[in-house]
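> What follows is each chain in one-letter form.
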Amino acid sequence: MSGTERPAGGRRAEAGRRTGRPGGARRAATRTGQYTALLAYLLFLAFPFLWLVSTAFKPPRELGSLHPTWIPEAPTLENFRLAFEQQPLLAAAGNSLLAAAASALVAIALATPMAYILARYRGRLSRAATGWVVVSQAFPLVLVIIPLFLILKGLHLVDSRTGLIMVYVVWSLPFALWMLTGYVRAVPPELEEAAAVDGAGRVRTLVSVTAPLLAPGIAATALFAFVTAWNEFFFALVLLKSPEKQTLPVVLTHFIGTEGVADLGPLAAAALLATLPSLLVFAVIQRRITGGMLAGAVKS
Amino acid sequence: MRDGNEATAPGRWNRRGLLAAAAALPAAALLPGCSGERRRRSSGGRITLRFQSLAWQRDSLKANEQLVAEWNAHHPDIQVRYVQGAWATVHDQLLTSFEGGEAPDIIHDASDDLADFAYGGDLADLTALLPARLRQDIPRHSWETATFNGRVYGVPFLQEPRVLIANRAKLRRSGVRLPTPERPWTWEEFAEAARRLTRGSDYGVAWPLKEPVSATLNLALSTGGRLFHRRPDGKVEVRFDAVDQVVPRTIHDQVNVDRSASRTTLGMGGADTLPGFFAGRYAMVPLGFSYRQQIVQQAPEGFDWTVLPAPRGTSTAQGVSPQTLSIAEDCPHKEEAMAFIDFLLRPPNMVRLALGDWLLPTGQEALRDPALRVAKHDWATGTALAGSLRSAPAQSVRGYPEWKDKIATPGLQEYYSGAIGLAALRKRVVRDGNLVLARYQR
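Residue numbers (this note's numbering), protein chains in the order written: chain V, 1 to 300; chain A, 1 to 442.
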């Protein structure tokens with residue numbers, strides 16, 4: 001480096017001095033702008049949830065106010081009491097939990113070996129399978145529901161939790177497979193080769209080397225499958241007939257009447273309860289998901 | 001590394017093994033289901049009927065569940081299972097159920113949703129099943145709402161007139177005549193009252209017209225408007241004659257000419273207008289009779305409101321699409337299902353259902369019940385209107401839902417907001433509308 005050359009930072013600092021705005025101040029301004037934008041975006045995302053929380057604790061008279069407030073003036077738990085009194089929310093939550101957890105577990109159990117095969121053994125078949133996965137995401141629900149209904153009826157699986165779980169597995173499998181394939185590709189094959197050189201067998205390599213590295217990806221994919229099934233409405237509406245088997249999203253519609261009129265307080269209370277499991281699961285495994293998603297995102 | 005893996009024999013074996021396992025797992029997941037829960041329609045000679053109800057209000061739910069329990073207690077051989085449905089999803093849910101042959105035995109719905117199911121052969125013809133008591137108790141004009149091709153496909157049991165819910169204090173202050181069911185306002189008097197009730201930023205009326213078609217059509221019946229006319233060859237055509245135009249023009253002029261109606265509420269649902277109504281922003285809101293429950297729950301302490309009859313034209317008639325009870329064509333126990341419907345709609349039970357939903361029963365005997373003739377919450381006003389309720393003009397027309405969604409809803413919304421004139425609306429509703437209907441009548 002010659003004596004006349006200066007580092008880029010130095011040039012920026014000088015430019016900053018010439019314009020009266022030092023580089024540090026510009027960076028700080030940029031950062032402030034970024035944080036402001038981020039905060040605005042978070043508020044935008046959080047608004048419906050915060051409004052839901054607020055509504056769930058409001059008495060009916062505050063719900064009918066022309067000037068609604070964020071914090072209820074006379075907060076009440078009455079909406080929760082009514083929600084539980086009117087609809088079998090606990091049983092419905094249990095059904096949703098069963099369907100979501102079971103379908104996530106089965107989807108992961110199926111998708112993990114499939115993803116491994118697709119990622120590691122690239123050939124005509126794996127390319128075709130990957131293509132099919134992408135195409136399958138384009139099918140609209142209404143196109144598949146009647147044939148699916150007839151197939152399940154033939155198997156005596158209409159109005160059956162098993163049938164619903166199977167549908168959820170099939171529905172979430174392509175995307176789970178797609179996600180997991182990315183995560184598997186992010187694990188360098190050289191690590192498996194090194195393990196083989198050290199004398200580890202195939203199973204030992206998979207269990208001791210590959211599986212731990214895949215864990216964040218598996219957690220993220222399982223969460224995706226869980227949340228998809230937890231929120232799913234249409235299949236549950238159509239396939240489950242018995243009241244004791246209905247899931248939470250279906251039961252929530254029972255608070256809505258003709259012309260869209262709703263029993264707003266109990267509906268908000270029930271909807272708030274319905275969002276909690278997803279939030280809790282996210283909170284518990286948030287770090288793993290973040291790590292897993294980033295790993296899957298950057299590796300082609 | 002693919003080549004490296006394939007170079008070893010264990011690698012090849014594992015690949016096959018993995019592929020086999022991947023193929024076997026879906027089949028393994030299928031197996032438990034094959035021996036799983038099966039539909040049990042009857043066991044030990046006992047018949048079990050599924051009754052899908054759309055009751056959603058607290059008292060209505062309670063009434064339905066109590067009635068089912070009462071029936072089950074007295075009929076050990078014919079048990080009814082209460083299944084909760086929802087208004088928002090009932091059409092799609094029934095459609096797939098019928099296609100899959102898994103429909104509930106007894107179906108609660110609205111009469112304007114029955115036409116396609118009736119013509120499609122999904123619903124049982126109840127004509128020969130109806131008990132004489134029920135047939136005589138419900139008036140002919142109510143039966144018309146659920147009659148298609150001369151066959152009855154549902155028992156109409158609850159109905160909802162449109163009324164004007166008004167701020168009584170504002171009405172008194174303005175000095176306008178308070179209309180009664182015996183002497184309702186004419187459409188001209190209503191428009192004049194709305195003008196007198198408009199002060200500063202407060203409007204005389206707020207029309208919640210997010211769904212403008214059924215409100216417009218049903219109210220237009222009072223001026224003789226029908227829009228849908230059946231020709232001698234049985235085909236239906238749309239016309240938009242002078243009698244059809246009175247109600248839409250009144251609403252349009254209130255919003256755009258004399259500004260006695262709020263423009264902002266045109267895109268709202270009924271419940272959305274209530275905060276403004278409670279705050280005194282609007283003196284009157286045309287709503288369904290059942291909205292009284294929301295008002296009772298949400299109105300501020302001391303808020304003085306009343307129910308007024310809808311304005312009259314050449315008559316007091318207005319169109320309704322009552323709630324109905326039908327039986328699925330696939331139901332193997334139709335007589336038993338009808339026996340349950342008959343029980344559910346006995347006059348005292350019909351009264352319980354009506355009170356629970358804040359609606360009017362169709363049964364004449366139920367309508368005479370003192371509980372439905374009290375002044376409290378203006379039950380008496382609504383009951384007095386029951387005789388003027390007629391079958392909604394469009395509900396038996398095939399293709400009506402498409403006409404409504406694609407042609408009439410955007411057309412009326414644009415007309416009411418002032419974006420197009422009456423001639424443009426007429427052209428769309430009639431010319432484009434008839435093209436839509438023609439597809440269904442080939």
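I should point out that these hints are in silico values taken from the structure, not numbers from a laboratory.
Positions of the beta carbon are idealized from the N, C-alpha and C atoms, including for glycine.
There's no promise every hint is true.
Said to hold, decoys possible - Far from chain V, by Cβ distances over 10 angstroms, these chain A residues were calculated:
1) 57
2) 81
3) 140
4) 201
5) 364
6) 381
7) 417
To be verified - Here are the computed lysine-lysine pairs in the BS3-like style, where the Cα-Cα straight-line distance is at most 25 angstroms:
8) V:153 / V:245
9) A:210 / A:427
10) A:62 / A:376
11) V:153 / A:62
12) A:62 / V:245
13) A:427 / A:406
> Each of the hints needs a verdict: does it hold here or not?
Hints and how they fare:
With a minimum CB-CB distance of about 7 angstroms to chain V, residue 57 of chain A fails to clear the 10 angstroms threshold, and the non-interface call is violated. For residue 81 of chain A, the shortest C-beta to C-beta distance to chain V comes to about 8 angstroms, within the 10 angstroms cut-off, and the non-interface label is violated. Separation of residue 140 of chain A from chain V is adequate, the least Cβ-Cβ distance of about 25 angstroms exceeding the 10 angstroms criterion. The beta carbon of residue 201 of chain A is kept farther than 10 angstroms from every beta carbon of chain V, the shortest such distance being approximately 12 angstroms.
No beta-carbon of chain V is positioned within 10 angstroms of the beta-carbon of residue 364 of chain A; the least distance is around 24 angstroms. Even its closest Cβ contact with chain V, about 20 angstroms, leaves residue 381 of chain A beyond 10 angstroms, as expected for a residue assigned away from the interface. The claim that residue 417 of chain A lies off the interface holds: its Cβ sits roughly 20 angstroms from the closest Cβ of chain V, which is beyond the 10 angstroms cut-off. With a C-alpha separation of about 17 angstroms, the suggested pair residue 153 of chain V and residue 245 of chain V falls inside the 25 angstroms cut-off, and the hint holds.
Of the supplied pair hints, the one linking residue 210 of chain A and residue 427 of chain A holds, its CA atoms being roughly 22 angstroms apart against a limit of 25 angstroms. For a cut-off of 25 angstroms, the pair hint linking residue 62 of chain A to residue 376 of chain A stands: about 22 angstroms separates their Cα positions. Only pairs whose Cα atoms come within 25 angstroms are accepted, and residue 153 of chain V paired with residue 62 of chain A is rejected, the gap being roughly 32 angstroms. The straight-line distance between the Cα atoms of residue 62 of chain A and residue 245 of chain V is roughly 20 angstroms, inside the 25 angstroms bound, and the hint therefore holds.
Note on residue 427 of chain A and residue 406 of chain A: the hinted pairing holds, with a Cα-Cα distance of about 14 angstroms set against a maximum of 25 angstroms.
In the structure shown, a violation is registered for the earlier hints numbered 1, 2, 11, in ascending order.
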